[in-house]
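S.K.: Listed in order, the protein sequences are those of chains A and B.
My numbering applies: residue 703 is where the first sequence begins, and numbers increase by one.
My numbering applies: residue 703 is where the second sequence begins, and numbers increase by one.
Careful: at least some of the hints might be erroneous.
Each pair may be met inside one copy or between any two copies, as identical chains are not told apart.
Unchecked claim - Simulated pairs of lysine to aspartate or glutamate, EDC-like, Cα-Cα distance not exceeding 16 Å: (1) K1045 / E1014; (2) K916 / D939; (3) K1047 / E1011; (4) K871 / E734; (5) K972 / E1033; (6) K739 / D796.
The hints are simulated quantities; they were obtained by calculation from the structure and are not laboratory data.
So you can see what is in the structure, the chains are spelled out below.
Number of protein chains: 2
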Amino acid sequence: MLAEIITIGDEILIGQIVDTNSAWMASKLNEEGISVKQISSVSDNREHILTALAEAATRADIILITGGLGPTKDDITKRTLAEYFNVGLVLNADVLANVESIFKKYNRPLLEVNRKQAEVPENCEVISNNNGTAPGMWFNDKGKIYVSMPGVPFEMKYMMEEEVIPKLKMVLTLPVIIHKTILTVGEGESFLAEKISDIEDSLPANIKLAYLPKMGQVRLRLSAYGKNEAELKDKIDAFAHKIVERVGINVVAREDIPLEKVVLNYMAEKGLTLTTAESCTGGYISHLITQHAGSSQVFLGGAVSYSYELKESILGVKNETLWQHGAVSSETVKEMVEGALFKFKSDYAMAVTGIAGPGGGTEDKPVGTVWIGVANVNKTLMKKFTFGNKRLQNIERTAVAAFYMLITLLRESEK
Amino acid sequence: MLAEIITIGDEILIGQIVDTNSAWMASKLNEEGISVKQISSVSDNREHILTALAEAATRADIILITGGLGPTKDDITKRTLAEYFNVGLVLNADVLANVESIFKKYNRPLLEVNRKQAEVPENCEVISNNNGTAPGMWFNDKGKIYVSMPGVPFEMKYMMEEEVIPKLKMVLTLPVIIHKTILTVGEGESFLAEKISDIEDSLPANIKLAYLPKMGQVRLRLSAYGKNEAELKDKIDAFAHKIVERVGINVVAREDIPLEKVVLNYMAEKGLTLTTAESCTGGYISHLITQHAGSSQVFLGGAVSYSYELKESILGVKNETLWQHGAVSSETVKEMVEGALFKFKSDYAMAVTGIAGPGGGTEDKPVGTVWIGVANVNKTLMKKFTFGNKRLQNIERTAVAAFYMLITLLRESEK
Chain A
703 MLAEIITIGD EILIGQIVDT NSAWMASKLN EEGISVKQIS SVSDNREHIL
753 TALAEAATRA DIILITGGLG PTKDDITKRT LAEYFNVGLV LNADVLANVE
803 SIFKKYNRPL LEVNRKQAEV PENCEVISNN NGTAPGMWFN DKGKIYVSMP
853 GVPFEMKYMM EEEVIPKLKM VLTLPVIIHK TILTVGEGES FLAEKISDIE
903 DSLPANIKLA YLPKMGQVRL RLSAYGKNEA ELKDKIDAFA HKIVERVGIN
953 VVAREDIPLE KVVLNYMAEK GLTLTTAESC TGGYISHLIT QHAGSSQVFL
1003 GGAVSYSYEL KESILGVKNE TLWQHGAVSS ETVKEMVEGA LFKFKSDYAM
1053 AVTGIAGPGG GTEDKPVGTV WIGVANVNKT LMKKFTFGNK RLQNIERTAV
1103 AAFYMLITLL RESEK
Chain B
703 MLAEIITIGD EILIGQIVDT NSAWMASKLN EEGISVKQIS SVSDNREHIL
753 TALAEAATRA DIILITGGLG PTKDDITKRT LAEYFNVGLV LNADVLANVE
803 SIFKKYNRPL LEVNRKQAEV PENCEVISNN NGTAPGMWFN DKGKIYVSMP
853 GVPFEMKYMM EEEVIPKLKM VLTLPVIIHK TILTVGEGES FLAEKISDIE
903 DSLPANIKLA YLPKMGQVRL RLSAYGKNEA ELKDKIDAFA HKIVERVGIN
953 VVAREDIPLE KVVLNYMAEK GLTLTTAESC TGGYISHLIT QHAGSSQVFL
1003 GGAVSYSYEL KESILGVKNE TLWQHGAVSS ETVKEMVEGA LFKFKSDYAM
1053 AVTGIAGPGG GTEDKPVGTV WIGVANVNKT LMKKFTFGNK RLQNIERTAV
1103 AAFYMLITLL RESEK
């Protein structure tokens, strides 16, 4: 089953926004066994949209369209779809009620231009929008399915998850697909591939393995295709088990979640608390943690100690340690992490100090040199890393390495 | 002058990576007066690539292609281009020398598959790749320009900036274009549009104004098209000046830089230092600051005080303040920001405390309630905000509002 995605709007074509919608939609469709043949971004131009729709229909069974549904003059998706299907526009009472209720909620007058948002091509089935005024629209035409959705990411995502994907599964005969993701940290893609090559070679034709690398982490995703869900599940679990056993300590999760969430989930379950002391990551580690709802159950807080003075005053790092060994040293990171642990009174602490770059490197401590420490009341682990010369990558890789070290200490300690 | 961008490779179509290249390329092309008509992502499939090239050539004068130039079997862009132009592949000595030098540098044996990377279609002009083994290729065919580049972002960006854009400017008669960006904070797009509508109406046909809104900020970008650079510059500066005067305090920069960089540049110039005390933003504000090289000149560090205890122990917030008024209150944010200012010994401090959500809201303090404080030794400003119910958006909007408040205090104080 093939799909195409068409995004409509000039914002993408002038480079004002990055099209993140399409990748998200493509990954959701792939999970259901629908392959995406092409993604096209076209302008708010009648002829151009008509051509794109016609071209897509020659290649795909399902055409998903986002954007161009706003109330302003340059949003022409709806009337162009009506032209494409050769139908008129009709006022839809449910959509009008939704628009009216939104305007009432925000106490804004309903203009004629807003009423027009309730007009839809007469051959469409309306998909309700719980998060905005523009309706989604589903069309069946000459054996193809067309779905038009707003370009606002959270409106589109809600529609896809709640309405479009379930409806596609209902009306199409899609294969049963089961995915199983294994999150690994600390080894490269090619090393992992070599380590599990015989397991990969033994996979049956209906189970595929994908390597999804990202900044010090590799996700191994098994996908099983077939008809019998229970049978597929048993099979995929058996292979996942083999891979997990073989890869060993580099496996940190058997589900598709962010690395910091692995730590949060585990510590929340055990009732443990965490604090941080960040120098070169400058708050990025605590930001990763606190972007997740409920993180306050585990995370008490931390220090961003960029200057020598704050390393001393907040964390209690000794002045002579800093001057004798430098801010980027095992001695300093040890005092930082133990300072966080005892001063902030948490069960676990993590600390990082390094030279993110591009400036600040020296011959014996080049840009990319980072010391990471993790501690609980019984043990402190410290390790030196040498990353590259790109500031943002160094910050990201430091965070990943720090979480992995924390997982190592948690494994040793919480048995 | 019209361009199209074609990205080749399955990673985008399965949603594994987001296509950030195209937006970057589109914005660079637009700066030079080249409009992008369509962006297409297609699979590593010969027929599909041939169709995409042919379709693009019916619409555009310049076709930029990225991806599919790696050494492995599934990278078929090069031989498909040769087929499209109906030519053979030839070994290019310069490209081979580059491939060999890279393999020598990393001490890896040169395989036959790597030697093949030095083969290019015989009608192409090679664009050298200083950052990798895959060459760029420039083709002139039937009055159209085709350029093929690697999909690795930093390889592509370097080629575009150093080779492709300069060459396009040389061989094409492009208009002179000058852009001028004004960064505003704190007012919505429609309010700004109304405020400057007469200035916008008075713009000559060769000067366009674009509104680029993003999370509490709106960038106003003036673009002037013509032949005489000096004349355009005078004209655009005059209109920019009018807009800046009219918009007033909401203008925070007359160049296209991130909001936090406005603060950093100004404070660095004045020799001022900054610290932070973050609760609901959980390190995001300090992360925004410290992602910029050289931020340590201004930023000393800060506290991420998620728990009551850390608000007390690091920042010196009084226990009775927290219990009497709650963590989200003017009293608490005042003690937080003054705690940071005096304990961390900086010239300026900023503090935020709020309910990011989705949990934790109450009737009088719903999710999205945020108190922000900024201070110097003479003055403390505090303000309450009511944002929405989306955690990540609340974090971002809080950061933007906090930087804007800091700019307000800097303006009042540093005259």
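S.K.: For each hint, tell me whether it holds in the structure or not.
M.R.: Do the hints match the structure? See the list:
Taking the closest pair of Cα atoms, K1045 and E1014 come within 16 Å of each other both inside a single copy (12 Å) and across two copies (12 Å). For the homomeric pair K916 and D939, neither the shortest alpha-carbon distance inside one copy (24 Å) nor that between copies (44 Å) is at most 16 Å. In this homomeric assembly, K1047 and E1011 come within 16 Å of each other (Cα to Cα) only across copies, at 9 Å, whereas the closest approach inside a single copy is 21 Å. Taking identical chains as interchangeable, the C-alpha atoms of K871 and E734 lie at most 16 Å apart only when both belong to the same chain, with a minimum of 8 Å there against 46 Å between chains.
Taking CA atoms no more than 16 Å apart as the test, K972 paired with E1033 passes in neither setting, with 30 Å inside one copy and 35 Å between copies. Taking the closest pair of Cα atoms, K739 and D796 never come within 16 Å of each other, the shortest separation being 34 Å inside a single copy and 36 Å across copies.
Checked against the numbered hints given earlier, this structure breaks hints 2, 5, 6; the rest are met.
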